[in-house]
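Colleague: Protein chains in written order, with our numbering: chain F, 1 to 315; chain B, 1 to 275.
Some hints here could point you the wrong way.
[Stated by the list, open to error] Sample of chain B residues facing chain F (criterion: CB under 8 Å; computed from the structure):
| # | residue |
| --- | --- |
| 1 | MET125 |
| 2 | LEU185 |
| 3 | LEU234 |
| 4 | TYR236 |
| 5 | VAL250 |
| 6 | VAL253 |
Keep in mind that the hints were calculated from the coordinates and are not lab data. No residue lacks a Cβ here, since even glycine has one placed at the ideal position from N, Cα and C.
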Amino acid sequence: MVLFLAKRTVGLLATLLAVSIVVFLVMNVLPGDPVLVILGIDSTPDAQAALREQLGLNAPLLERYVSWIAGVLRGDFGTSHSFGVPVAGLIAERLPLTLSLALSATLLTVVLALALGVFAASNHRKAGDWGVMTLSQLGIAVPAFWLSMLLVLLFAVRLRWLPPGGFPGWSDPAAALRALVLPTVALALVQAAVLARVTRSSMLEVLRLDFTRTALATGLSRGRVLWRHVLPNALVPVVTIVGMQFANVVTGTIVIENVFYLPGLGRLIFQAISNRDLMTVQALVLLFAAIVVTANFVVDILYVLIDPRLRGRLA
Amino acid sequence: MSARPSLPVSLVLGGALVAALTAAALLSLVWTPHPFAAIDVANRFQGPSADHWLGTDQLGRDMVSQLMAGARTSVAIAFVAVVLGGAIGTALGLLASAVGGIVEDAVMRLADFSFAFPALLFAIMLAAVFGPSLANAIVAIAFINIPVFARVSRAAANQVWTREFTLASQVAGRGGFAITVDHILPNIAAPVIVQATIEFAVAILAEAALSYLGLGVQPPAASWGRMLSEAQTLLYLAPQLAIYPGLCIVAAVLGFNLLGDGLRDITDPRLSRRP
């Protein structure tokens, strides 16, 4: 187990290093000139030279990468060209909102998907199963940003139950939570459609196994067998998908924050793009990619915790 | 099972949706009820009528014409991105399978690694460097297709390499490239085509999201995603503008997903008995 953890951790660090190199190369080597993009092609050479110096673009590539990544490791993501403040500060202000949104959406996804998946599996080949599968096929096809607009139309414009967007800040927790309801639901419904399918088919596999029949034969209730015996054994594929979905939800927040005007990292990335603020974009892309990679790493570890049989094989 | 199994429902339904989408996209090349970008401010926010079947938008542009032009954009971008990414990915997968060893490991490691960059992040990086454009969106969507096709084609090709006719070819002295072209490629076509159908759906969703965010199709070109982003500012005034483009996206994505499922059911007999 220790060996397995050590190997995976080394793998994670290597991947993160590779991610940082790719992000840096894409942002710095592709033939676009950030100075021209920021100032426009009719700017004076003097202004271009000054900005180039200010952005530190004159140093050799390797030196720039090393100084950037050394800063990142100390929590220093450089200075935002458009906001004029350290990028780390911008991130720290906005991270709680994005993380709350991603975590609450993932939680809601899992709750909805397990309920729907178990319901569909226990009603296999009946109307309930068919209904869940049809909903799920539709849900997979709905873009989260359009679902958001429909939710706003219904719950904000028509019923006026919830705000259509914006964020009042954490000082009023009730208002903050109300502002997060629709974004969370929009993110979760689409992901739950996928996860409910996976849960259903994994449950159906386990339902066919001998121990399920034995458990039923000993007189345990059907509900108890489903939730206590079948579901835990059906979780391995479910956990894999949840890990991938957490990554989807995190990048999904980029879109959803823009739909609901939420001041999180996703909004920041778009403000940074329209201001041509490369340092901020670079830091945020690295952060998002790192979250995706780390989520996959956590899934690998969870696997082994859930299914002890994998321990011997993987270590 | 009956001697002659009927076509799966998903295949028929998906095929119909995809056919309708493709027909609308092709028709828009030669005919739309009105020029799709024609502005007619006097007739803005019209309801459905004989002249404007689904009404007009905030600039008096005809809704049906814009939706048809949007279908063309969606199909064209998805096609270019999936063919580009699919060709590169399949070539890499075939190479990995034919050569094996370090090359195979390297290709698969790269495929694993590239999952760290969802299309949106990739498009964001490109937009920051080059400014937002349609080309960036296509490159970003094509890029995420490469690892998907590399994995599918390698897995399928590895199976074909163990079959007798491939072994016989090897014994007869044919090289890896010739065997790949003559025997492997035709035998992995089915799973690759199924994957391509599903990736079409993914690409249509990705294009819609990128255009919605302003990172894809630029005005005045029509795009469902961009129509939705314009409609969002008018949700209180003209909610109907937010409905039709979304329904089109759902129908298109649903169509390709169902078609992919159906094709998989008829090309992979092992799955036909699945629950």
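Colleague: Go through the hint on MET125 (chain B) and say holds or violated, using the shortest Cβ distance to chain F against 8 Å.
Modeller: holds, 5 Å
Colleague: Taking the closest Cβ pair, is TYR236 (chain B) under 8 Å from chain F?
Modeller: holds, 6 Å
Colleague: Given VAL250 (chain B) was flagged as interface, is its beta-carbon under 8 Å from a beta-carbon of chain F?
Modeller: holds, 5 Å
Colleague: Against chain F, with CB atoms and a cut of 8 Å, does the hint on LEU185 (chain B) hold up?
Modeller: At 30 Å from the nearest chain F Cβ, LEU185 (chain B) fails the 8 Å test, so the hint is violated.
Colleague: Using 8 Å as the Cβ threshold, decide whether LEU234 (chain B) counts as touching chain F.
Modeller: violated, 11 Å
Colleague: A closest beta-carbon separation below 8 Å is what the hint needs, so does VAL253 (chain B) meet it against chain F?
Modeller: Constraint on VAL253 (chain B) satisfied, holds at 4 Å.
In this structure, the earlier hints numbered 2 and 3 are contradicted, and the remaining ones agree with it.
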